[in-house]
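**Student:** Generate the whole structure from the sequences, applying the supplied hints.
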Amino acid sequence: MTHPAFRWGAWLLGVALCATLVARAAVVTDITAFLPGPATREQALLAEQLRDGVAARVILIGVEAASAERAPAAASRSAQLAAALRADPQFAFVANGDPAMFVTERDRLFNARYSLSAQVAPQRFTVDGLRTAADELEALLRSSAAPLIKPFAARDPTAELLAIAATLKPARSPVNVHGVWFDPGGRTALLVATTRAPGFDVDAQAQAVAAIRTAFDQAESKVSAESKQALMLHLTGPGVFAVQSRQAIEHDAQRLTLIATVAVGLLLLLVLRSPRFLLWAALPTATGALAGLAAVSVMFGSIHGITLGFGLTLIGEAVDYALYVQVQRRPGQNTFLWRALWLAVLTSSAGFVAMMLSGFLGLMQLGLMSMVGIAVAAAVARFCLPDVLRPLDAARLVNFALLERCALHARRLRIAVVLLAAASVLMLIARGDSIWNDELAAISPLARGSGEMDARLRQSSGLGDLRFVLAVEGETIDQALSRAEGVHTPLNELQVRGAISGFDSPAKLVPSEAIQQARRSALPDESTLRARLTEALNSSALRVEAFEPFIADVQRARELIITPDYYSGTALGQRLAAQLVERTRAGSTGAAALITLSDVSDATAVKEGVKDAPGIAFIDLTEVQTLIADYRVRAAWAAALGGALIVLILAVQLRNLRATARISAAVAVSIAITAALLVLIEGPLTLFHLVALLLAAGVGTNYALFLGMPRARSIRESHAEPAPAELPVVLSVTLAAGTTLIAFTTLAASTTPVLHMIGITVAIGASVALIVSMAFAPATAAAA
Amino acid sequence: MHVCCAARRRWLMLAALASLISPASAQADDSLVRLFSDLGAQRERHARFSERKFSTLLKAPIESSGTLIFRAPDILEKLTSEPQRESVRIEGNTVTYEGAPVRGRTQRRTFALSEAPLLAALIESLRATLAGDLPALRRHYQVSWIAPQTAQGWQVSLVPRDRSLLEAVSRVVLRGAGSELGAVEIVEANGDLTLLNITPLAASAAPPKK
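As you go down the protein sequences, you meet chains A and B in turn. Oh and the first sequence: position 673 is 673 in my numbering, straight run, nothing missing. Oh and the second sequence: position 36 is 36 in my numbering, straight run, nothing missing.
In short, the hints are calculated from the structure, not lab data. Among the hints, erroneous ones may be present.
[Said to hold, decoys possible] Quick partial rundown of chain B residues pointing at chain A, CB under 7 Å, derived from the structure:
1. Leu-58
2. Pro-117
3. Leu-119
4. Leu-166
5. Val-169
For clarity, every value in this text was computed on a predicted model and none was experimentally measured. Note that CB positions come from ideal geometry on N, CA and C, so glycine has one too.
**Tutor:** What follows is the structure, given as structure tokens:
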């Protein structure tokens, strides 16, 4: 690394390699990567449902007419929109109440009626059973509804289709006006769309939302001008919220980053008076970010959207390295600087290794990105910057006397700071678990308050709340289905008692093999059935010859076996795919049948009612809290491990117990005070505070190192009193803290919760760390 | 060459037909509007009805008879007296059905018409006609003349707009004379037929006028 050409050649090669890797990497936006790895069976199912569940993939669409008279226009727009979306492969299922679209589904159900209907039992096909059915059919044929009964009567005289329809009918369905669904007010046409992509794939959801808007606008351009302004489009659903909140975050982040960059630039320009430095200072950071992203894309195959956002914030730490190098560097006497820089990278890496060990994909990516990022940034600052920049003369830049006095005063605060830290720790211990806010509202769109429009559309579409799911697990699909059938009876009772308004079980569409076998064996053979039917219709007004199609269908049903594949290519098939899950976990295969409960008014009663069923788990999709509590405990362990690692590195590298203790104490004290201040200002802390606190700790370790590390001479003589930090060091650290404070205070001003949390945590953390590190710095000769 | 000529001739014929139809259909529409405003002028009707249902499912046609009552704007009652007592009353969106006791239990059921859109369409073919509400009828059916109004009477055809109703009912034919509806014929997709004959009772002969 002696020749500049060699250094810059290596840099150029590295950048080219990283750029190629990053350009080819896919950016994914599935937020569940940032959800913790589940610990229990319920948590695993919950995480699965959050990721893949139907509830997260539903988009409710309302087409609102300005007045009830305009409702027909809303109805025809609903039809156009539904047609356009059904042609779009992004959507698995689109329903707007148009009965014509249920024809395929109805035909499949009709053909499977003898396998699905609970009425199918041997006595149903005896002479008496057939006579009862014939009497009922005759009564229906006499009524005004006769023309509607007749298309099916010859094939289905025992009315199995009606029996199936009764069990499959949703608890509530929207009113049908002008051929499509409407809300009770009669002004808003309703559509329900299910995306193929999971609700947490925010990019895919954004595309789906855009597709709906485009389809709506295109339909608009076709209709006459007079009805144009009369219709309004409303969209709601978890995916829609996720898209909206991400747009808000992106918008906020872009605006605030710009403000922060300008403010930091102005500060540095004002103090350092070197536009040239300002330009080159971006080099280590940019190179580090690129290398970090490249490392993530190689290790994980793709880069997560959040890693991209957070990671760039985390290596904001890298900006400081340019400052340290340029302010502290002096020709020929840089042993201390390089050593401190090396240690700073090493200790920060220890913190990030802890993040990587947490076992959560999201945090692992963040950790790797930050670790590689700061190492590369430090290397570029160390090896490349000196070639293009002259050292900045600290003495020329600031009023040294003032800085010196500040440093002096800070050391007098040492006892006060220690007392404050002790008080902080006591306060945190006293508050116990209440300092944590485990509601993951900011991560889970399902948990977010969904607003008036959502409630209105949900209520009138009859979709209700999809937050409760019963998962029934078994070793095979058939066992899961058979266990699911076992809870139909308690669920029916709960429905009668009003604890739920209905339930949607896959076993209603695909009964277990045992039930199917029992139903098949209840069906008589051709000649028996014909003989019985002839006898049953003897005294009836019905002609036995007209019912040959019935006899033929029953014979066909004796051979028919219903599997999930029977429904493929229909909306029912889509629903089953979401409700019957087959998977391999920990080497063993298993299956789960998911029963959706609608309008649960008494969750305790439901839990109680089904608790004895084998393999069952009651899942509340809004209950991400349990996941987060677990996450936080693991993250805290990871942080503790990181802390221990930092102390170990310091001890080994410095071989100076006093210095190690001093630096470690400074970091521990500043984290304690920062955490206490955060709890006082912010209330209970979230996951985002915790991650940001790790970053604050990394930055704080650097301050403590530069200000508290023994000078070069004293490392060899471990018992010698370390020399005081030199003023350029104090200046560079103060400047680094100043830029961090400005950047993150700007972020703290954001109304977006995530950005605000990170901003305020790091802003407080950096300020506290600066003061504490100064207080813990060894005394100067002048003060002694 | 030959084909071309044939195609051309067919095209010319179509064009000629179209030129004939356009003004005529405008006239037809005017006369339909007139017929329905005549029908709607009678605010209350009482009539005898007799109904015969022909179906391949049945050994013999099912016959029934009784009284039909209509009160503007939206009450329709069908009181069957033979062979069994049964009543259907539709008021606005509410249907109340009362049947003869089956196995000792009285059959009584109330439901909203909007819950059964196909049934609603069927009922509207009678109720909207008696109310003279052509726009309501047109929401469910394509309405056209079979035989325009003459001294002998008229015939109107209703073809369902809804595809799923069309699967069951291919068309409904209304027959009448002057401002009286004489018969409703429901032709089902499988060829089955329901014939409803309506004879006005004296009570409705003198429509109440304001």
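**Student:** Does each hint fit the structure? Answer for all of them.
**Tutor:** Hints, verified against the model:
1. Leu-58: 5 Å, holds
2. Pro-117: 5 Å, holds
3. Leu-119: 6 Å, holds
4. Leu-166: Cβ of B/Leu-166 sits 10 Å from chain A, so the hint is violated.
5. Val-169: 5 Å, holds
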